[in-house]
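Kindly generate the complete structure, drawing on both the sequences and the hints.
Chains as they are written, first to last, in my numbering: chain Z, 1 to 462; chain R, 1 to 195.
There could be a bad hint or two in this list.
So the derived list for chain Z, only partly shown, Cβ under 10 Å to chain R, looks like this [said to hold, decoys possible]:
#1 W10
#2 V14
#3 R47
#4 F52
#5 N81
#6 D128
#7 T146
#8 Y273
#9 S319
Hints were generated in silico from the structure; no laboratory data involved.
Ideal placement from N, C-alpha and C gives every residue a C-beta, glycine not left out.
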Amino acid sequence: MAKTIFDKVWDKHVVDSISNGPSVLYIDKHLIHEVTSPQAFSGLKKRNIKVFRPDKTIATADHNVPTINQHLPIKEALSRNQVETLTNNCKEHNINLFGLGHKYQGIVHVIGPELGITQPGMTIVCGDSHTSTHGAFGSIAFGIGTSEVEMVLSTQCILQYKPKKMLIKIDGELNDGVYSKDIILYIISKISASGGTGYFVEYSGSAIESLSMEARMTICNMSIEMGARGGIIAPDDVTFDYLRNKKFSPQGDKFKKAIGEWKRLRSDKDANYDKILNFDASDIEPMITYGTNPGMGIKVSDYIPKSSKNTSIESYNKSLDYMGLNPGESLLNKKIDYVFIGSCTNSRIEDLRIASNLIKGKKKADHVNAWVIPGSKSVEKVAIQEGIDKVFKNAGFEFRQPGCSACLAMNEDKIPKEKYCVSTSNRNFEGRQGPGARTFLASPATAAVSAINGFITDIRNN
Amino acid sequence: MEKFVKFDSSIMPLNIENIDTDQIIPARFLKSVTRDGFGDNLFRDWRYSNGKLIESFELNRIKNNSKILLAGRNFGCGSSREHAAWAIYDYGFRVVLSSFFADIFKNNALNNGLLVIQLDNVIINKIFEKVNNDFNSSFSVDLEKQCFKSLDGDIHEIFEINEYNKTCLLNGFDNIDYLLSQKEKILNFEKINDK
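Here you go:
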């Protein structure tokens with residue numbers, strides 16, 4: 001029977017199937033962090049068992065770490081306790097930890113790929129919904145809860161129902177000023193924040209194939225924002241080139257052999273999908289969100305709609321009230337207070353290169369606070385080597401240390417109440433960036449240029 | 001996991017769509033390393049403003065001791081934090097009713113003995129209407145029969161749940177115990193597939 005890439009990877013990892021129930025799925029790589037793992041380790045202790053496959057488990061501290069003075073002890077007691085608990089658990093169970101201060105520390109979905117931990121054909125899970133990021137390499141990667149983290153720690157397996165399959169095909173050439181963030185915000189605005197629920201999405205088409213690995217990761221990363229469990233893109237030469245000589249990639253002849261295997265990870269021509277959506281790349285323009293879920297996005301040059309077919313009018317108006325915006329309003333020239341360039345969606349070196357290129361020699365607007373949070377120590381290192389940190393600093397941006405930061409505002413990096421922030425992160429939920437914070441999701445290019453002008457800007461008119 | 005037993009209860013109505021897990025429990029309250037006490041911060045920023053109760057919010061306004069939370073469509077979207085399910089359970093709810101749930105939340109809830117019941121939007125609206133007319137209207141949840149009904153007989157719905165999940169909930173079975181019992185198969189799988 002013809003199979004999709006998703007079927008191929010899934011089928012190879014099914015240990016057993018419970019009749020009228022879920023499958024026992026084998027997990028190749030388990031990524032853990034300080035926030036969603038402590039209770040799972042406590043569960044192991046209660047059962048008096050050890051981590052089953054510590055060599056397939058990788059840990060980092062990212063969610064609640066400070067982004068300044070990382071060499072000092074974490075000030076906030078609860079955060080410090082979580083990070084210390086992770087350190088102790090990793091020590092006790094012999095798990096490789098890239099903790100604070102380690103040269104490989106960073107956002108879990110940034111370090112996995114850049115270290116070559118993420119590879120085509122793998123099953124990858126993490127107690128974080130943006131695990132979908134790793135699907136850009138042709139792996140099945142999805143976020144899980146803490147009970148499921150405990151399942152994987154104790155048996156390297158998870159009980160999981162096979163999701164339905166959706167194909168999203170984007171053909172054609174992308175317009176100038178359109179980045180992968182715009183592509184995914186566009187798709188979510190078309191199918192809504194729940195349009196992908198129950199599905200695993202495969203992305204294909206010439207517009208997807210034209211993208212770099214960093215750009216593909218941004219797309220797969222936000223698959224969860226349409227409700228999908230994950231996104232997957234068939235690996236190709238772009239993927240193989242990216243993975244060559246990475247720290248944990250297969251080396252030498254083993255790499256050549258791996259490519260042979262990876263090349264087979266493509267959907268068969270007549271494979272079946274439960275749903276197929278086609279989009280024309282030329283219809284996509286720079287995007288921005290105006291509401292409190294990622295489905296509430298418009299072309300930056302458009303006006304805020306009066307209603308949404310996917311939302312009741314009460315919920316829709318509640319969103320706009322929270323944002324302090326009105327139907328029919330344009331977001332162009334809207335004064336902003338903060339700019340956040342970071343998160344597992346857009347904090348890779350390519351994102352920082354794009355943003356810094358657009359602001360070189362310029363100064364941010366006086367009233368804007370602009371933060372750049374590199375995704376990892378490795379990203380930070382390259383940025384410093386290339387002088388990107390200086391470009392940002394000279395423009396008045398703060399160039400900080402790696403972590404999740406203001407994407408979820410678990411650490412001190414919070415956007416104050418009712419302040420507007422153009423953010424390269426993935427969620428514009430109420431309070432996501434701090435209690436009362438108002439988020440506009442956009443690409444790193446739009447964020448950087450808007451910081452310079454002090455208001456929301458269409459980068460094509462810059 | 002505690003066994004799920006049949007019960008009667010009033011309903012807490014929360015007629016908002018796309019309630020994400022950041023609303024259910026904001027990230028700044030995820031810093032505990034245990035599973036307890038998250039109920040205090042359930043819907044924190046809707047319940048409190050500067051530490052003061054927001055009287056108009058349903059959980060503060062309606063005092064009906066409900067064990068059933070009724071919410072708008074796409075409940076539990078966003079982050080995978082299981083703390084959301086823990087907070088709802090810890091607060092005292094045993095069932096969440098909606099016309100549509102996010103995938104990860106659904107798994108997290110079922111893994112913690114919190115039953116999610118998905119019903120057609122028309123029925124959900126009817127339940128909202130009934131509850132809004134009388135916050136003390138009583139309903140019954142019977143997982144064995146997969147039946148949700150109002151005690152006055154107006155509403156009588158059979159809901160779907162997978163046989164495996166149903167068995168786990170009714171008996172308080174644990175997925176991890178099940179997986180641990182499959183160790184031989186897992187070791188064999190590793191051997192055959194060179195893992």
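Hint-by-hint comparison with the structure:
| no. | hint | result |
| --- | --- | --- |
| 1 | W10 | violated, 14 Å |
| 2 | V14 | holds, 9 Å |
| 3 | R47 | holds, 7 Å |
| 4 | F52 | holds, 8 Å |
| 5 | N81 | holds, 7 Å |
| 6 | D128 | holds, 6 Å |
| 7 | T146 | holds, 4 Å |
| 8 | Y273 | violated, 18 Å |
| 9 | S319 | holds, 9 Å |
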